[in-house]
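Visitor: Here is what each chain is made of, one letter per residue.
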Amino acid sequence: MTKPFRKRASAVLQLVDEQPSAAALGRSAPSPTNEVEGFDAFYRREYPRLLVLARGLIGPAGAEDLAQEAMLVAYRRWDHIAWLDSPVGYVRGICLNKAHSTTRRLFTEGRALQRYAVRPAARVDALDPDSERYWAEVRRLPPRQAQATVLYYALDLPVAEVAATLGCAEGSVKSHLSRARATLALRLGHTEEPS
Amino acid sequence: MSVHDLARAASADLRAHPVADVEAGLDALFVAHTRRRRTTRVAIASAAAVAVLVGGSAVTGLGRQPSRLEPTGPTTSSTPVPQATGVCHDALVRCLGDRTYVFGLSTPVTWQIPQGYGVNSGVGATSHMVESYSSSGPDGVTVMEGVKAASQTSRLAAGVPDTAEGFVRWLAGRPYLVASPVRRVTVGGRDAWHVRVTLRPHVAPGPGRCSGTPGAQSCYPVTWQAGAITGIWSDMNADYTAFDSPTAGTVVVWSWAFGHVPGDLHRNQRAVDGLSWGGS
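In order, the protein sequences belong to chains X and V.
Here the numbering used here is used: the first residue of the first sequence is 1, the next is one more, and so on.
Here the numbering used here is used: the first residue of the second sequence is 1, the next is one more, and so on.
No lab work stands behind these hints: they were computed from the structure.
All values reported here derive from a predicted model rather than from experimental measurement.
Hints may be right or wrong, so weigh each one.
A few chain V residues facing chain X, derived, Cβ under 10 Å [what the hints assert, rightly or not]:
1. 11
2. 23
3. 32
Listed next, the stretches of chain X that the computed footprint assigns to chain V, with coverage defined by at least 3 CB atoms under 8 Å from CB atoms of chain V [stated by the list, open to error]:
4. 130-139
5. 156-167
6. 177-186
Positions of the beta carbon are idealized from the N, C-alpha and C atoms, including for glycine.
All chains should be built: construct the whole structure from the sequences, respecting the hints.
Guide: In structure tokens form, the structure reads like this:
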């Protein structure tokens, strides 16, 4: 195939780096009118962020499949999930669980390999080398530490939101983050404290 | 730099990284959901059918098969690859925006795909085939290059002119099909030949095998592409529109639908109308 087909189009959506709404973060009660958000709107807003979460958790290969699988689960149960206080928290939880599963890892890797076998020129854009190395080390952390790190840093969630997503206390999240930073500092040769 | 600062920088890099086409991903999700639901129904129906047969309480005779099969396009693998959400990452796909894509077949095809239809469906675009499945039912549109007529034994049919007109007239003359008159049309700006077909009522299950379908399922083979076979099953309506390409041989736009639902092929026509070829 010729080179132009390897290029991404300018029309491809970029991740919008804006704060999600309070409702999306699950910090508000359902609206007074008892209306719930449609799945389409939820998907359009949250899929890019879910993809960030997935990529942080398992790397570029299989991240899109993982995010889409989590969204598919959400779609099938949307009549229920839409009424939760935090639909996005629920879907992030699905994503975390699927990423944590060894079976899932093997499955996504297998599917990625399968896809590459069919599409040998398929390309996964690389991050900055330092970023790639950082996330690779994050994925070597114990699962809870890795999850806390991705939620806190990659999604820029407050500790309370991370705790709600992981189903643990805020103190536990801080502990996970602290241990993760210590390990990463050692492995990456950086200082542990913010400069 | 502290590890905290590094984390912030790496996170910003991750968030700023280009992502897949969200609209295409949403369409893909709807298509995947429909297909999984249908697969589940088919599994249940198949289990029930087996139970009935084992119990000897039913004789199917020449009955029509349920609409359990769908075109998967020519593939060398029996395991369809899940639909990619990041179609713009695909080396054979160029995204132009406004749901318009260029697929890198040997003769690149530009396709403005309507809402409700998936992008890069099935096994995804290859150098000679691309599909778009409807999210609302088992129907879709498949574009195939280098098509020749298939024999009843899933081989290359003999004696059929290797032209678009020859292929369409051969198809219209199959005794097991109910076919519309062959007529001249244009598709994507190309002069083409068209026929609409469906299986005659009460014909026996097809004698051939089609690529990408379970081994036990039979079909009436129609198209042959370097050994890959697609065809027609009972309960299917299909439009075959073919034109001659100097570089791609006979190009077939295959609009297909299961279930004999009124208006299904008419709905597909919106997707067909979105096709165009360079120089057309």
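Visitor: List, from low to high, the hint numbers that the structure doesn't satisfy.
Guide: Number 5 - this is the single hint that the structure violates.
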